[in-house]
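Q: Spelled out from the first residue to the last, the chains are:
Number of protein chains: 6
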Amino acid sequence: MFRTFSTIILGSPLWLLPLSAWAQMAAADLNPPEPQIPAHVAGKLSPQDRELFGKLMRVELESVWAAVNAEGYPNCFINELTALKPHERMVGRARTIRYLPNRKDLRAKLYAASPQLNYKSSEEAQPGDVLVFEAGGETRSAVTGNVTATRLMVRGGVGMVADGAFRDVPMLEAMPLQIYMRRGQAAGVSPIQMSVDYQVPVRIGGVTVIPGDILFGERHGILVIPAEIVEKVVEQALATVEREEFQRHLLLQGESLYDIYPKLSEANRKRYEEYKKRKQ
Amino acid sequence: MFRTFSTIILGSPLWLLPLSAWAQMAAADLNPPEPQIPAHVAGKLSPQDRELFGKLMRVELESVWAAVNAEGYPNCFINELTALKPHERMVGRARTIRYLPNRKDLRAKLYAASPQLNYKSSEEAQPGDVLVFEAGGETRSAVTGNVTATRLMVRGGVGMVADGAFRDVPMLEAMPLQIYMRRGQAAGVSPIQMSVDYQVPVRIGGVTVIPGDILFGERHGILVIPAEIVEKVVEQALATVEREEFQRHLLLQGESLYDIYPKLSEANRKRYEEYKKRKQ
Amino acid sequence: MFRTFSTIILGSPLWLLPLSAWAQMAAADLNPPEPQIPAHVAGKLSPQDRELFGKLMRVELESVWAAVNAEGYPNCFINELTALKPHERMVGRARTIRYLPNRKDLRAKLYAASPQLNYKSSEEAQPGDVLVFEAGGETRSAVTGNVTATRLMVRGGVGMVADGAFRDVPMLEAMPLQIYMRRGQAAGVSPIQMSVDYQVPVRIGGVTVIPGDILFGERHGILVIPAEIVEKVVEQALATVEREEFQRHLLLQGESLYDIYPKLSEANRKRYEEYKKRKQ
Amino acid sequence: MFRTFSTIILGSPLWLLPLSAWAQMAAADLNPPEPQIPAHVAGKLSPQDRELFGKLMRVELESVWAAVNAEGYPNCFINELTALKPHERMVGRARTIRYLPNRKDLRAKLYAASPQLNYKSSEEAQPGDVLVFEAGGETRSAVTGNVTATRLMVRGGVGMVADGAFRDVPMLEAMPLQIYMRRGQAAGVSPIQMSVDYQVPVRIGGVTVIPGDILFGERHGILVIPAEIVEKVVEQALATVEREEFQRHLLLQGESLYDIYPKLSEANRKRYEEYKKRKQ
Amino acid sequence: MFRTFSTIILGSPLWLLPLSAWAQMAAADLNPPEPQIPAHVAGKLSPQDRELFGKLMRVELESVWAAVNAEGYPNCFINELTALKPHERMVGRARTIRYLPNRKDLRAKLYAASPQLNYKSSEEAQPGDVLVFEAGGETRSAVTGNVTATRLMVRGGVGMVADGAFRDVPMLEAMPLQIYMRRGQAAGVSPIQMSVDYQVPVRIGGVTVIPGDILFGERHGILVIPAEIVEKVVEQALATVEREEFQRHLLLQGESLYDIYPKLSEANRKRYEEYKKRKQ
Amino acid sequence: MFRTFSTIILGSPLWLLPLSAWAQMAAADLNPPEPQIPAHVAGKLSPQDRELFGKLMRVELESVWAAVNAEGYPNCFINELTALKPHERMVGRARTIRYLPNRKDLRAKLYAASPQLNYKSSEEAQPGDVLVFEAGGETRSAVTGNVTATRLMVRGGVGMVADGAFRDVPMLEAMPLQIYMRRGQAAGVSPIQMSVDYQVPVRIGGVTVIPGDILFGERHGILVIPAEIVEKVVEQALATVEREEFQRHLLLQGESLYDIYPKLSEANRKRYEEYKKRKQ
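Residue numbers (the numbering used here), protein chains in the order written: chain A, 2 to 281; chain B, 2 to 281; chain C, 2 to 281; chain D, 2 to 281; chain E, 2 to 281; chain F, 2 to 281.
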């Protein structure tokens, strides 16, 4: 399988493959190691999730996007946030919290009835969960910070996403969690914001996220996959991997794009059938 | 009472008072007519609302703002939207609707259970209501248009506010409703957005609006008044009106600001006591 | 026919119809006067254009939008620009010019070969034309000003649209041309920009405009209608007018929205058939 | 003299001249009345200022811009603010105030030493002055409101400009002052901002304004004229008026732009000489 | 002491601690090495500054933020700029410069009287200084570049902050200085900007910075600490460190957040007392 | 030669030179290795290009900027895009493509006549080429992705620039191409955009790029060099290198900036002449 290499050799800065290495790998059908589910998560996942998350670690985001789009979800990619760890892939399940601008009366009522929802959500997080905070783009105040994140990590959580800001950013960077946000901030939740809703549909960077959605994050954004179609779209994406490997193989041999992409020419389709047989 | 004149003589374009007119009015204690509750609303309001709304027609927005702020609500003014009718004051009660980016699965479930919420909210609107649409700033699609507005008008509604866009803008302008929005748009709700929540707290231009809040709009924005404190803050604002009238009276006679504002000097406080007696 | 009234009584500021007037008109089937093709244009138009433009003066923008959208053009409404005359409807044909940031070498070559394209486009404008300037949102420099506009007016032009700025704004306001822009500016084209292409497809506020497109502008934006479908969509929009008139008629009598919109109930469809017969 | 008509007939909404009226005026060399210095200002101005301001009321902004630009000041037009009264021309002299985000220690020190600078600046304003507030684009808090404005008006002030927000907007609209701002706001200066500097150079909408600069405002922005060159540039602008009148005269007769603008052809230059003689 | 690890092992890319390492360290009370004052600075600092800066190297930014906020400075964190070296902590003292849009007359006067202020400020910089440039967000022109930075470095300077742009960005990155800016730029100061004020209060990313303020920068922004309270807030932050270490210790053992944060439960407070004794 | 070190030791994260190292290098006239033309490009370049590109690898961007600016091109630096590989210098030749918002009729016509232009441009790319995509800032849809990039790489291409978004970002990062963009995106070209023009002048981040321009990119942006002046400006930049080396040499010895920069004092000019002799 032929995939993104910079994500594999974790901790390595920009590793620029020389062209010869690409050609060599294409010739040798090298299978570089894949991104992995973080160790503190993998051990806690249910067998089903471990298999599902594992498959998502083996495909490219754009292949899954194509399948999700084809299912009737064209607006499923969040690209307005920054990934704190650009070389980490994130695969997890959305647990959502909604924030609003602070207001004394509503805040008093809500906080009398329940803990602040950043605390509650990390306390209740299940293995593989991603906390997702709707904050309306507010960055003058953080939605949460390192304590919540530590509890989330201990419970097997995968990451945190905010349409807003987090605090304690260097500590968040040191933890084995992926983080997406608009900016960092030192100021806490109060007195700018308050948490109001838990496990409701939320708006993140122009995309709706529903509790239970599967989130697939790369450095350029987060793909939101409705839970009901995730099995189907992962299978389709896995099927795409082999064809794209063949297409790159041809391109790296110097053949013309026109016969290869977006569709294989008739002649190349035959070569592809042979290629697949040879690999079996 | 000494107030904003441009809002009184409805339909008049920018009417610029010459200084002599100001001085003359100050001298004569002229009471120009006040902004009025629109006729199609006034007849339908409950007696309590007619009195409350009527008081709000007699005070300046900033006086009420000061009282709301003093009650512990510093973030209560929405100034990111445009008033379609800059010379119309709006006083009404919030009825809220929350929109999210469209998503096939959630939309199907919601629309099977209930009419679209723009229709529902206008159908259920009470006299004096303002429909308030959270749309996350989205202006590539309108939240609603003239049909909803017509039904709202017939039911005694006062206006519509969107953190987004309305369509049929020239028709909305022709109706006796005040409108606040980011931009206009020709495109309908679908396929960009969907309505998801009704009568929940919403985010409008960085301010939280709760169903039942009293909204007080001028050309520069909307003051959000929690229902529980509205009686109190209106009384305080009415008390402010008389003092400000006296302060302007002194200023128009050419006296120095320093003895008048923000606090009356000792000498001027005595004159004010006499002024109030004389007026009785 | 029942339409936007504020656009009819030109020069009138915000004319707020009392509800009784709406009901009265609905009852009486009043036909208020329609927006008119400006006199300096009407006399110069070809008979075909006079008929086409005249029809567009009799329908609502959203009705035409629906027909254009249904033809496969969902992204056809420009809502990022400001109309200088919010109560003027604009109907005209696009004549396009493309600007780029200034560059000495290209400018020298282009301006040696042809007059600046703002001059050329107004000189060559045909009756009913709208000059459309792609300027990439640049507002530190105007694309053109009153002299070009005067020549355009004399030739029977209808308006000017810029994804950028115009200068001489008070003079433009005084002329019988509609103007759409991001902002005004005093600075001329040079040394910030230059005109590079004439009568090519351009990008205006996120929408593609092609030379010959029909532009239909209201205060909230400009609908872009491909020339090939304009006859068809106008006919569809005219058919919509009558049904919407009936729908408003019912709403103004206080009937429930649910039986009227977006679709007439079975019972109301029958009443509509009778209504249409009665009107003939 | 042939000039902007919408600014003349004050209070008139969008008055759209029919082409025939333009041609008629051009033929008759009609001199429509000019914009006037407001009455409460004119009576207080020094004779020199009355003459200077009067001349600026007789020229187009772009003509003065050209002269200021030619003197070496290319960045002299502020177009990021909104004029509260789009049909009012503003001519006045800058009196500047600089605001910064609030900070307890500095605020305590400054306010112990001097009144807040919005009060001080209006108290010290001279006839013809414009208060100019640098606020860094901050609109969550107003820089000042109607009391300051009333004192400014009484002292013969002309207007107020803020790279930020004013409060009491409907009252400001009712006064004979021109106002430029980003948005309106109900919240006062504190606790968001504080005034820190008086009569220093400031940044307004990307342009530097120096105390004593002459400000020339139209609906699309404010031209900043260094005091030392104002006499010179006004004379140049007055000279431009006559030539542009002749150019429009030719254009309205239907002649080609190419022989008229930007430069008169040789033949037209001769006609211009005769035209000037005939007018004497 | 338990702190951010990514900042310690300088030059290391994203080093993601496995959960086991966190737990191990918590158990062993490991004290990883702290961020250090750069060598070219440390040797030149006064003993007092070396002690103060050294303490700030031992605490988390958010702990200091809490203490500064509690002293009455809620708006003290700049989060709109980008740190060129995200894994470098910056501790230094503000030396401020204010820029305005270029203007020929003022520039001539200022530059005749003094060197450009970017040169002057680096020439006069004291060990531990940070140059802070107010540029109003302007990024079409840099405020300064590598030569100024080299002189600053030689004099023991710590970094440079601009609400605007720097040039020579790769060279700045290679120097042992921290840099905060909006963007980089190749163009020099002139002809877009000019330096006008030195050692005055400035606006940076919505926060006021006063000469002599202590700046504490991390990858997510800069905390501005008034000089008069810095000793006090640092002591408070140091006291926070021990309690947070204990709180993380409990969390890493899997205990519930609710008994730990934001306040320790009664039972945990007792354990904390024992923990502190054990550590002594 | 004394230059940026972080760009040399590729793959190294932030390498912070201690001051002593700087001084040592200045004393020893160390010549650190320079950035290199990527291997897959160098072998394919014409001898002339290899020499030209090689020279550009030996100078600082700002030195070339100064020479381009002096030739009359002040607006030649693009700083609104993000470099995917901040430590990679890009030198190449522009091959341009223009995109517009999608439109069914035009798309059908264009795509019937020619392949999509992202395919065509990579298929026709020459060694040393950079694909440059005008997309008007649109980031809801990518202009192209990894397949195009692979073909470009095989043909000896150097990089891709979009005033918009690319997809397959981790794969692009793994390839030996430099990438500039606004954001990443998973969604493909259709149905948001379409390619319309090939090898025409385009607008990128406020700068005009013409086919054949030489692009010189660093982490902070891209310098656009007109092909006709590239030889001249490179020679000027090479001449600057030696003088700046001497200036840094003096600064690192602790001498005052005032005698060194921007101009050498008379005494230092004499030392410079000796320095140059000594080096020969």
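These are calculated hints, taken from the structure and not from any lab test. Keep in mind that the hints are not guaranteed to be accurate.
Which copy is meant is left open, because identical chains are indistinguishable; a pair holds if it fits in one copy or across any two.
[Claimed, not checked] With a Cα cut of at most 20 Å, we get these calculated DMTMM-like pairs of lysine to aspartate or glutamate: (1) LYS233 to GLU245; (2) LYS121 to GLU243; (3) LYS121 to GLU256; (4) LYS105 to GLU229; (5) LYS110 to GLU243; (6) LYS233 to GLU274; (7) LYS233 to GLU243.
Q: Tell me the numbers of any earlier hints that the structure contravenes, in ascending order.
A: Numbers 2, 5, 6 - these are the hints that the structure violates, sorted from lowest upward.
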